[in-house]
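Heads up: the protein sequence lines correspond to chains A and B, in order. Per full-length UniProt numbering, residue 1 is the first one in the first sequence, and the count goes up by one each step. Per full-length UniProt numbering, residue 1 is the first one in the second sequence, and the count goes up by one each step.
Possibly wrong hints are sitting among the right ones.
Any copy will do: because identical chains look the same in the list, a pair fits if it lies in one copy or spans two.
Claimed, not checked - Heads up, simulated EDC-like pairs for lysine to aspartate or glutamate below, C-alpha to C-alpha not over 16 Å straight-line:
hint	residue 1	residue 2
1	K52	E24
2	K102	E231
3	K102	D236
4	K102	E183
5	K58	E192
6	K52	E29
7	K215	E234
8	K52	E129
9	K102	D136
10	K102	D86
Source of the hints: derived by calculation from the structure; they are not laboratory data. All figures in this text were calculated on a predicted structure; none of them were measured in a lab.
Each chain is listed here by its residues.
There are 2 protein chains.
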Amino acid sequence: MTRASAEKDLEIPPGTAPAVILVEPQLAENIGMTARAMANFGLSELRLVNPKNGWPKKGVREAASGATHVLDAAVVFSSVEEALADLHYVLATTARERGQMKRVFSPDDAMAELTSRAGQRCGVMFGRERVGLTNDEVSLADAIVTFPVSPDFPSLNLAQAVLLVGYEWRRSSGRAVLPFTGEMLSPPATREALVALFANLEAALDAAGFYPPEKRGGIVRNMRDRLHRMEMTEQDVRTFQGALRALTRSRKP
Amino acid sequence: MTRASAEKDLEIPPGTAPAVILVEPQLAENIGMTARAMANFGLSELRLVNPKNGWPKKGVREAASGATHVLDAAVVFSSVEEALADLHYVLATTARERGQMKRVFSPDDAMAELTSRAGQRCGVMFGRERVGLTNDEVSLADAIVTFPVSPDFPSLNLAQAVLLVGYEWRRSSGRAVLPFTGEMLSPPATREALVALFANLEAALDAAGFYPPEKRGGIVRNMRDRLHRMEMTEQDVRTFQGALRALTRSRKP
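Take these sequences, add in the hints, and give me the full structure.
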């Protein structure tokens with residue numbers, strides 16, 4: 001995974017990210033959350049096949065939490081065939097074996113397959129909340145995507161399934177950049193600065209009678225090992241030196 | 001990713017999966033969906049720090065869609081310190097830079113780090129829906145997890161963030177088994193069976209006058225190439241042989 005700060009999304013040329021096709025989705029909340037999940041990972045093309053009880057749905061914009069550009073651009077189709085018509089490669093998501101002789105992909109392998117198809121319009125089909133896709137609908141797809149869920153609780157929410165596809169698409173397409181990195185604001189401490197800190201600390205512990213003289217060697221080495229584990233920056237060393245000065249001042253009133 | 005059919009979850013010894021700590025979650029729906037997302041990937045230990053407007057919340061069980069074992073076992077704490085007290089390694093999720101000098105992990109690297117800590121109790125902390133975790137809360141964690149979201153629409157829903165952590169934990173812990181595989185029900189066709197199909201098809205096309213004799217060689221080779229792309233099983237060959245017999249019968253009444 002690349003790590004770099006990014007302030008604007010890496011360009012996603014139109015038609016390169018997969019379309020998300022929801023077949024007869026029922027709940028406004030799931031469609032809204034789907035739009036939000038898509039926007040989180042840079043997907044923008046939502047296709048709805050016969051949304052139950054019509055479209056647009058009440059509450060869908062609230063559930064999208066601001067991903068209204070995805071909802072506004074959503075296209076409604078009256079059949080799966082029409083919704084897939086212009087696509088070159090289609091995946092069907094399903095939680096159960098269909099006895100259909102198709103390749104079965106995990107989400108990461110599925111998205112690697114999609115991103116390898118440069119110049120092809122791809123789509124991922126998701127079924128109804130309760131019953132998924134029919135076998136006839138699955139038979140319109142090139143391959144199947146299924147999720148590595150616990151067999152004890154395999155029922156994945158619709159928008160959650162879309163989220164995993166979006167997440168893996170973003171990774172496969174090389175856009176999985178973290179919004180910030182853990183870069184240290186101060187450079188690593190030099191050995192000289194560390195050794196000076198050790199010397200002050202050990203002098204203070206000597207003065208405080210922290211160890212019997214015959215055990216000093218081992219205790220000092222252990223203490224240095226602990227401090228090394230911190231991988232201190234220059235600023236860390238300055239702060240510890242200051243704290244040590246403050247502690248030794250207060251001990252000698 | 002391992003591919004094998006599994007009917008019962010691979011054993012997850014108690015205390016090996018990370019605890020999920022929600023700090024002052026507000027919406028019943030998000031807590032329920034969090035429980036569901038946890039159960040999807042085999043996480044079971046939910047800790048709630050001061051859920052807003054009390055606990056249990058109305059509507060939370062419905063949103064959990066059956067993951068009530070996670071809700072029933074959830075423990076409520078009155079401070080983050082108490083919720084983390086027994087843990088050895090804690091991650092804080094955050095969407096923005098805090099200027100805190102901590103390691104920053106992507107979800108996959110974060111879960112690899114957790115699963116490498118055998119024998120340690122680990123937890124992942126998630127903040128309030130609108131404002132996340134405070135800097136003081138983040139300072140109680142060992143490292144940060146952040147998500148590779150689009151900078152154009154980075155706002156990830158709470159339960160969606162938990163889902164990505166669960167998904168990556170399951171992968172890192174070697175439990176990402178797909179519920180079924182695309183194994184062909186019939187073995188691959190032998191070369192003998194394919195050659196017999198080619199012979200029948202070419203004889204039928206000869207009889208139908210499909211190509212001028214001088215172009216036969218190239219057209220036949222292209223047709224064989226197309227059929228090879230299907231990687232036919234024995235059953236595929238039998239079905240195509242049957243279809244060919246039916247078509248040639250109907251052409252000679």
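What are the numbers of the hints that this structure violates, sorted from low to high? Going through the list in order, the structure violates hints 5, 7, 10 and respects the others.
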